[in-house]
Each structure stands twice: as C-alpha cells, then as structure tokens.
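Novice: One letter stands for each residue in the lines below.
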Amino acid sequence: MPNQLGHFLYRASIAAISIALLIFAWAMFARFFAYPDLVPSPWDTFDTGAQMLSNGELLAHVGISLERVLIGYATGCISGVLIGALMGRIRIVSQLADPLLQLARPISPVALVPLSIIWFGIGDMSRYFIIFYGVVIIMIINTAAGVASTPNIRLNAARCLGAKRSQIFWRVVIPSAVPYILTGMRVALGFAFMGIVAAEMIAAQSGIGYLIMQSRMLLRTDIMFVGLVTLGIVGAVIDGLFKLAIDRTMKRYMEHQVNV
Amino acid sequence: MSQAASWDALTLENVSLTFNAGKPNEYRALAGTSITIRRGEFYCLLGPSGCGKSTILNLVAGFLRPDSGSIRMGNREIEGANTDRVVVFQDVTNALLPWLRTYENVEFGLSLQGLPRTETTRRAMAYLELVGLKDHARKFPYELSGGMKQRCQLARALVLEPQVLLMDEPFAALDAITKRIMQKELIRIWQQYRMTVIYITHDVGEALLLGQKIAIMRRGPASAVKEEFIIDQPYPRMITDESVAAAYVKAEASLQAEVGVSLNA
Numbered sequence: 001m002p003n004q005l006g007h008f009l010y011r012a013s014i015a016a017i018s019i020a021l022l023i024f025a026w027a028m029f030a031r032f033f034a035y036p037d038l039v040p041s042p043w044d045t046f047d048t049g050a051q052m053l054s055n056g057e058l059l060a061h062v063g064i065s066l067e068r069v070l071i072g073y074a075t076g077c078i079s080g081v082l083i084g085a086l087m088g089r090i091r092i093v094s095q096l097a098d099p100l101l102q103l104a105r106p107i108s109p110v111a112l113v114p115l116s117i118i119w120f121g122i123g124d125m126s127r128y129f130i131i132f133y134g135v136v137i138i139m140i141i142n143t144a145a146g147v148a149s150t151p152n153i154r155l156n157a158a159r160c161l162g163a164k165r166s167q168i169f170w171r172v173v174i175p176s177a178v179p180y181i182l183t184g185m186r187v188a189l190g191f192a193f194m195g196i197v198a199a200e201m202i203a204a205q206s207g208i209g210y211l212i213m214q215s216r217m218l219l220r221t222d223i224m225f226v227g228l229v230t231l232g233i234v235g236a237v238i239d240g241l242f243k244l245a246i247d248r249t250m251k252r253y254m255e256h257q258v259n260v
Numbered sequence: 001m002s003q004a005a006s007w008d009a010l011t012l013e014n015v016s017l018t019f020n021a022g023k024p025n026e027y028r029a030l031a032g033t034s035i036t037i038r039r040g041e042f043y044c045l046l047g048p049s050g051c052g053k054s055t056i057l058n059l060v061a062g063f064l065r066p067d068s069g070s071i072r073m074g075n076r077e078i079e080g081a082n083t084d085r086v087v088v089f090q091d092v093t094n095a096l097l098p099w100l101r102t103y104e105n106v107e108f109g110l111s112l113q114g115l116p117r118t119e120t121t122r123r124a125m126a127y128l129e130l131v132g133l134k135d136h137a138r139k140f141p142y143e144l145s146g147g148m149k150q151r152c153q154l155a156r157a158l159v160l161e162p163q164v165l166l167m168d169e170p171f172a173a174l175d176a177i178t179k180r181i182m183q184k185e186l187i188r189i190w191q192q193y194r195m196t197v198i199y200i201t202h203d204v205g206e207a208l209l210l211g212q213k214i215a216i217m218r219r220g221p222a223s224a225v226k227e228e229f230i231i232d233q234p235y236p237r238m239i240t241d242e243s244v245a246a247a248y249v250k251a252e253a254s255l256q257a258e259v260g261v262s263l264n265a
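These protein sequence lines are chains A and B, in that order.
Per the numbering used here, residue 1 is the first one in the first sequence, and the count goes up by one each step.
Per the numbering used here, residue 1 is the first one in the second sequence, and the count goes up by one each step.
For the record, the hints were derived by calculation from the structure and aren't laboratory data.
It cannot be assumed that every hint is accurate.
As the list claims (entries may be wrong) - With a cut-off of at most 20 Å between alpha-carbon atoms, the simulated SDA-like pairs for lysine to any residue come out as follows:
no.: 1; chain 1: A; residue 1: K164; chain 2: B; residue 2: S111
no.: 2; chain 1: B; residue 1: K250; chain 2: B; residue 2: P221
no.: 3; chain 1: B; residue 1: K226; chain 2: B; residue 2: S262
no.: 4; chain 1: B; residue 1: K226; chain 2: B; residue 2: K184
no.: 5; chain 1: A; residue 1: K164; chain 2: B; residue 2: E161
no.: 6; chain 1: A; residue 1: K164; chain 2: B; residue 2: L100
no.: 7; chain 1: B; residue 1: K184; chain 2: B; residue 2: Q233
no.: 8; chain 1: B; residue 1: K184; chain 2: B; residue 2: G40
no.: 9; chain 1: B; residue 1: K139; chain 2: A; residue 2: I14
no.: 10; chain 1: B; residue 1: K139; chain 2: A; residue 2: G240
no.: 11; chain 1: B; residue 1: K139; chain 2: A; residue 2: R252
no.: 12; chain 1: A; residue 1: K251; chain 2: B; residue 2: K226
no.: 13; chain 1: A; residue 1: K164; chain 2: B; residue 2: T36
no.: 14; chain 1: B; residue 1: K139; chain 2: A; residue 2: S149
no.: 15; chain 1: A; residue 1: K251; chain 2: B; residue 2: S111
no.: 16; chain 1: B; residue 1: K139; chain 2: A; residue 2: T249
no.: 17; chain 1: A; residue 1: K164; chain 2: B; residue 2: E104
no.: 18; chain 1: A; residue 1: K251; chain 2: A; residue 2: G240
no.: 19; chain 1: A; residue 1: K251; chain 2: B; residue 2: N82
no.: 20; chain 1: A; residue 1: K251; chain 2: B; residue 2: E161
no.: 21; chain 1: A; residue 1: K251; chain 2: B; residue 2: E258
no.: 22; chain 1: B; residue 1: K139; chain 2: A; residue 2: M201
no.: 23; chain 1: A; residue 1: K164; chain 2: B; residue 2: F63
no.: 24; chain 1: A; residue 1: K251; chain 2: B; residue 2: K250
no.: 25; chain 1: A; residue 1: K251; chain 2: B; residue 2: G40
no.: 26; chain 1: A; residue 1: K251; chain 2: A; residue 2: S149
no.: 27; chain 1: B; residue 1: K184; chain 2: B; residue 2: R218
no.: 28; chain 1: A; residue 1: K243; chain 2: A; residue 2: M254
As the list claims (entries may be wrong) - Coverage of chain A stretches by chain B, computed from C-beta distances (three or more under 8 Å per stretch; other residues unrestricted):
no.: 29; stretch: 35 to 45
no.: 30; stretch: 144 to 156
no.: 31; stretch: 162 to 169
Unchecked claim - Residues on chain A that point at chain B, a partial pick, calculated with CB under 10 Å:
no.: 32; residue: A30
no.: 33; residue: R31
no.: 34; residue: L53
no.: 35; residue: S54
no.: 36; residue: V113
no.: 37; residue: V172
Where a beta carbon is used, it is the ideal one built from N, C-alpha and C, also for glycine.
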C-alpha cells in the first residue's frame with residue numbers, strides 16, 4: 001500500500017510539473033510575444049474564469065452541455081450495442097451494414113451540423129442527433145468486433161455445458177464483448193465532447209460551444225480560453241472517472257483480451 | 001440420462017472427415033478411423049501433432065459431424081454437444097468465463113438448467129472441494145494460477161456428472177511438478193467416479209502414467225489409429241515400474257517410427 005501511495009504521489013507531482021510548465025510557457029508567450037487581446041495571460045484567464053464561476057455563468061454552460069452530451073451519448077451507446085450485437089451475430093446483417101458503416105465512418109459529426117439543423121431545427125434535438133451519430137458509429141463497430149471475437153473454445157465449452165443458442169448469446173457472447181464495448185464507450189465519450197462543441201457553435205444560446213463562439217464576436221479571448229480550459233478539465237475528469245470505473249472490470253479480461 | 005445409461009461402449013466406426021472439401025486448402029483429417037472405448041475406461045489418444053487427435057475429440061464432443069461413418073454411445077448416435085460428454089480444454093484461460101468467479105464458473109452448467117441458485121452453489125462448492133479449490137471459490141480466473149484454473153475447469157465439468165470426460169491435452173501448458181500433481185488428482189477422481197475418460201496427449205510418459213488403453217495414431221493426413229497398448233498396471237504408476245517402462249519403450253518406438261525419425265540413435 002505505501003508503495004502504491006508513493007507511486008500515486010510520484011505520478012501526481014509529474015503531472016503537476018507538466019501543467020506548471022504549460023502555464024509558464026503560456027505566460028511567457030503572452031507576456032513577450034503576443035498582443036494581450038489575442039493571447040490572454042494565464043492570470044487574466046484565471047480571473048475571468050473565477051468571476052464566471054462565482055456568478056454561476058460557467059457552471060450553467062457546463063451543465064447544459066453535459067446534459068446534451070449525456071442524452072446523445074446514452075441513446076447512442078444503447079442503440080450501438082444492440083445494432084452491433086445483431087451484426088456480430090447474424091452474418092447477413094453484418095454484410096449489409098458493413099459498407100454503410102465504412103461510408104459513414106469518415107463523415108465527421110461536424111459535417112452533419114447543417115443537415116441536422118435543417119432536419120431537426122435549432123433546438124436540442126439537432127444537438128442530440130449530432131452526438132448520437134458520433135457515438136453510435138463507434139459503438140456499433142466495437143460491439144460487432146467484440147461479439148465476433150468470442151473465442152471459439154469458449155463457445156464450444158458453453159455448448160458441451162448444455163447452453164442453448166440464446167443462452168450462448170446472452171451469457172457467453174455478450175459478456176465476452178464487454179471489454180470492446182467499454183473501450184468503445186470511452187472513445188465515444190471523447191467524440192461526444194467534440195460533437196457537442198460543434199453542435200453548439202451554430203444555432204445555440206447556451207453551452208460551452210456557444211460560450212466559445214460568442215466570445216469570438218466580442219473579441220473576448222479570455223472568455224474563449226476559459227471555455228477551452230473548462231472543456232479540457234471537464235473532459236479529462238470524466239474520462240478519468242470512467243477509466244477508474246472500468247479498470248476493475250477490464251482487469252478480469254486483461255490476461256487474454258485487448259489491451260486498452 | 002436414463003436412455004443413455006444403457007450403453008456399454010463408445011464406438012467410432014469407419015469415421016472419415018475432410019476439412020474444406022473441394023477448396024484449395026482441402027485437408028483429409030480422418031480416413032476410416034475405428035475406435036472402441038469401453039464404458040468407464042481411461043483411454044489415451046497419443047500421436048504426433050496434426051494427426052487428428054483433437055478432431056476425434058471434437059467429433060465425440062459433437063462439435064463436428066463426420067462425413068461418413070458413425071459415432072455411437074451404445075446404440076445411440078451422437079448428435080451435437082450434450083452434458084453427458086464434457087470437454088476439458090488445454091486453453092483454460094479462454095475456456096473459463098473471465099467475468100465469473102471460480103464457483104460461478106463451476107455452477108455455470110447447472111444454472112443453464114434453471115436450477116435454483118442455492119442448489120447450484122451448494123453443488124459447485126462440493127466439487128470445488130473435490131478438486132481442492134474451495135478456499136479460492138470467490139476469486140476470479142485471472143487471480144488463479146494455471147494449475148488452479150485447470151482444477152476449476154475440471155470441477156466445472158464434473159459438477160454435471162458427465163458419463164464421458166473429454167480431455168484435450170489439459171495439462172500440457174503446466175509446469176512439470178504441477179502437471180504430476182494434476183495427473184495424480186485426476187486418477188484419484190476417476191477412481192472415485194469411474195466416468196469414461198478420453199485423454200489426448202502427445203506425451204508418451206503421460207499416456208503411460210494415466211491410460212488403461214493407449215492408442216497411437218498415424219501421422220496425418222488421412223489419419224487413423226495405428227495400434228493400441230493395454231497397460232494393465234495399478235495406480236499410482238511410476239514410469240520406472242517394470243511393465244510401464246517396457247510399454248514405454250514399445251510405445252516410443254511406435255511413435256518414432258510414425259514420425260520417421262529415431263531419437264535414440
């Protein structure tokens with residue numbers, strides 16, 4: 001245990017040094033090379049951020065963005081797992097869906113923003129759609145790969161232990177795909193965050209993306225930086241929590257499954 | 001179970017099987033293999049790699065169907081996998097379910113039958129005790145050593161009280177000492193339950209320590225059983241026991257002749 005603690009402290013101090021170096025470089029750049037209006041100093045950014053935090057503005061934007069992410073992400077994950085499982089299980093579904101997936105994969109969620117506004121209007125529905133789209137593609141691909149990669153030996157073992165087709169699917173194939181599904185969920189979360197900013201930059205009155213876009217109009221680069229830093233922090237914290245939650249599960253599979 | 005209880009021998013009769021028939025990678029694995037295994041017998045299949053040992057096991061398990069010939073338990077033709085024939089695989093890491101605890105792995109087959117949880121757990125614990133794994137019941141497979149995992153897989157098979165235990169080089173990946181211990185444990189359990197064991201190995205010594213009958217297989221393709229040795233020697237055996245050593249020399253010579261090399265020249 002003390003060893004683990006020592007290791008944690010070591011990693012934490014390295015991380016702190018890394019961030020301190022970034023802030024130092026940023027401060028130097030802002031001080032000596034750039035116009036203050038173009039590159040706000042870390043202190044100005046911090047001041048603006050503290051002010052926006054205390055009047056509740058920042059948290060309101062973060063909250064509304066997270067809510068949108070959550071809805072698009074959850075529906076995307078559920079649909080992706082269902083479709084991916086069908087693909088991994090029924091060959092013709094996979095053969096039909098695969099070309100479509102290959103075509104859809106290079107189309108980034110950002111490219112769908114204009115279309116989704118035409119389809120769904122400027123309300124939240126268009127933003128859910130953009131996030132859903134980014135998430136569902138990844139989840140389909142990962143789930144299908146996971147379902148298809150169930151070791152043959154495990155399927156045979158289940159058969160001689162008396163498992164019927166549906167039991168094999170629900171009690172062997174789907175659990176075997178869990179590492180792939182969790183990995184997909186983690187990658188998809190990153191995509192959801194990229195998607196929400198793109199979706200909020202156009203036709204939104206709230207959210208982090210709106211905040212960043214709005215500060216461009218006002219030439220408030222300090223607010224813009226607050227938005228960017230907030231995005232980084234919120235994303236990293238959520239990803240860290242996610243990793244913490246899945247590490248225990250993944251450990252059980254690690255020995256012979258994909259490394260993440 | 002009741003209908004199967006009447007069988008007295010498991011027979012393969014003139015079994016042939018070709019993989020990828022008609023394709024460029026066509027492979028004729030078995031050509032007219034016939035084997036008779038008496039009920040309750042410990043039967044070792046010994047042969048060089050690629051000789052079709054595992055193919056025979058997969059046929060008996062019901063994972064594969066033969067192109068021609070028949071595989072029967074008594075009068076009943078084997079059709080598909082069933083809990084009266086359970087396989088213990090060499091690749092235990094993939095054979096076990098990594099998301100289930102040791103005892104949950106053991107009760108998996110019972111739970112598929114819809115038995116109440118308390119009952120399945122009770123029986124699983126009894127068989128974990130039999131294989132000496134009771135203290136590790138709550139661990140996950142990744143927390144078990146190779147030998148312990150293999151004990152878990154053995155318990156998972158035995159809990160279903162199969163009539164035939166199919167073992168596909170189950171201890172080949174274990175270290176020498178663990179392997180010896182596991183062999184001894186297996187003999188102890190077999191002497192207690194007297195199920196039929198079909199044991200696949202490429203290790204002459206292992207076959208001689210375990211088997212009542214040892215079948216040496218011809219090298220593939222188009223493999224079949226070349227000859228059978230009966231080892232009429234009580235357990236536990238030592239490789240240095242006179243009759244075991246004598247059989248060893250003969251079996252080894254037969255195997256070397258099959259591979260086409262002489263290793264003691």
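Novice: Hint by hint, note whether the structure agrees.
Specialist: Status of each hint after checking the structure:
Our distance criterion of 20 Å between C-alpha atoms is met by K164 of chain A and S111 of chain B, whose separation comes to about 12 Å. This hinted pair does not check out: K250 of chain B and P221 of chain B have alpha carbons roughly 24 Å apart, beyond 20 Å. Between K226 of chain B and S262 of chain B the CA atoms are separated by roughly 18 Å; this keeps the pair inside 20 Å, and the hint holds. Between K226 of chain B and K184 of chain B, the direct Cα distance comes to roughly 28 Å. Violation of the 20 Å bound is thereby established for this hinted pair.
In summary, the hint linking K164 of chain A to E161 of chain B is supported, as the alpha carbons are separated by about 19 Å, within the 20 Å threshold. With a C-alpha separation of about 19 Å, the suggested pair K164 of chain A and L100 of chain B falls inside the 20 Å cut-off, and the hint holds. In summary, the hint linking K184 of chain B to Q233 of chain B is supported, as the alpha carbons are separated by about 15 Å, within the 20 Å threshold. A threshold of 20 Å between alpha carbons decides the hint, and for K184 of chain B with G40 of chain B the separation of about 18 Å falls inside it, so the pair holds.
Proximity of K139 of chain B to I14 of chain A is assessed by CA-CA distance (about 35 Å); at most 20 Å being required, the pair is judged violated. Between K139 of chain B and G240 of chain A the alpha-carbon distance is near 27 Å, which puts this suggested pair outside the 20 Å criterion. Annotation: proposed proximity of K139 of chain B to R252 of chain A holds, straight-line Cα distance about 10 Å (limit 20 Å). Between K251 of chain A and K226 of chain B the CA atoms are separated by roughly 46 Å; this puts the pair beyond 20 Å, and the hint is violated.
Taken as a hint, the K164 of chain A and T36 of chain B pair is broken in the structure, with Cα atoms around 30 Å apart against an allowance of 20 Å. Annotation: proposed proximity of K139 of chain B to S149 of chain A is violated, straight-line Cα distance about 25 Å (limit 20 Å). Taken as a hint, the K251 of chain A and S111 of chain B pair is broken in the structure, with Cα atoms around 25 Å apart against an allowance of 20 Å. Distance check on the hinted pair: K139 of chain B and T249 of chain A sit about 13 Å apart at the alpha-carbon level, within 20 Å; holds.
Only pairs whose Cα atoms come within 20 Å are accepted, and K164 of chain A paired with E104 of chain B is accepted, the gap being roughly 18 Å. In summary, the hint linking K251 of chain A to G240 of chain A is supported, as the alpha carbons are separated by about 16 Å, within the 20 Å threshold. Proximity of K251 of chain A to N82 of chain B is assessed by CA-CA distance (about 32 Å); at most 20 Å being required, the pair is judged violated. Restraint check for K251 of chain A and E161 of chain B: not satisfied, since their Cα atoms lie roughly 32 Å apart, outside the 20 Å limit.
Note on K251 of chain A and E258 of chain B: the hinted pairing is violated, with a Cα-Cα distance of about 45 Å set against a maximum of 20 Å. Distance restraint check for K139 of chain B and M201 of chain A: the Cα-Cα separation of roughly 50 Å exceeds the 20 Å cut-off, and the hinted pair is therefore not satisfied. A C-alpha spacing of about 14 Å is found between K164 of chain A and F63 of chain B, which places the hinted pair at or below 20 Å, so the restraint holds. A C-alpha spacing of about 48 Å is found between K251 of chain A and K250 of chain B, which places the hinted pair above 20 Å, so the restraint is violated.
With a C-alpha separation of about 41 Å, the suggested pairing of K251 of chain A with G40 of chain B is violated against the 20 Å cut-off. Distance hint between K251 of chain A and S149 of chain A is fulfilled; the C-alpha atoms sit about 18 Å from each other, no more than 20 Å. At most 20 Å may separate the alpha-carbon atoms for a hinted pair to count; K184 of chain B and R218 of chain B exceed this at roughly 28 Å. A threshold of 20 Å between alpha carbons decides the hint, and for K243 of chain A with M254 of chain A the separation of about 14 Å falls inside it, so the pair holds.
For the stretch 35 to 45 of chain A, the stated coverage by chain B is violated: 0 residues have a C-beta nearer than 8 Å to a C-beta of that chain, whereas at least 3 were required. Using a Cβ-Cβ cut-off of 8 Å, 4 residues of the stretch 144 to 156 of chain A lie near chain B, which meets the minimum of three, so the contact claim holds. With 4 residues carrying a beta carbon less than 8 Å from a beta carbon of chain B, the stretch 162 to 169 of chain A meets the three-residue requirement, and the given coverage holds. Annotation: interface hint on A30 of chain A violated; nearest CB of chain B at approximately 50 Å, more than 10 Å.
Interface hint status for R31 of chain A: violated, as the beta-carbon distance to the closest one in chain B is roughly 53 Å, over 10 Å. The beta carbon of L53 of chain A comes no nearer than 42 Å to any beta carbon in chain B, farther than 10 Å, and the hint placing it at the interface is violated. For S54 of chain A, the interface hint is violated, the least distance from its beta-carbon to any beta-carbon of chain B being 46 Å, above 10 Å. Restraint check, V113 of chain A versus chain B: the minimum CB separation of about 39 Å is more than 10 Å; hint violated.
Because the beta carbon of V172 of chain A sits about 7 Å from the nearest beta carbon in chain B, less than 10 Å, this interface hint is met.
When the structure is compared with the earlier hints, violations turn up for hints 2, 4, 9, 10, 12, 13, 14, 15, 19, 20, 21, 22, 24, 25, 27, 29, 32, 33, 34, 35, 36 and for no others.
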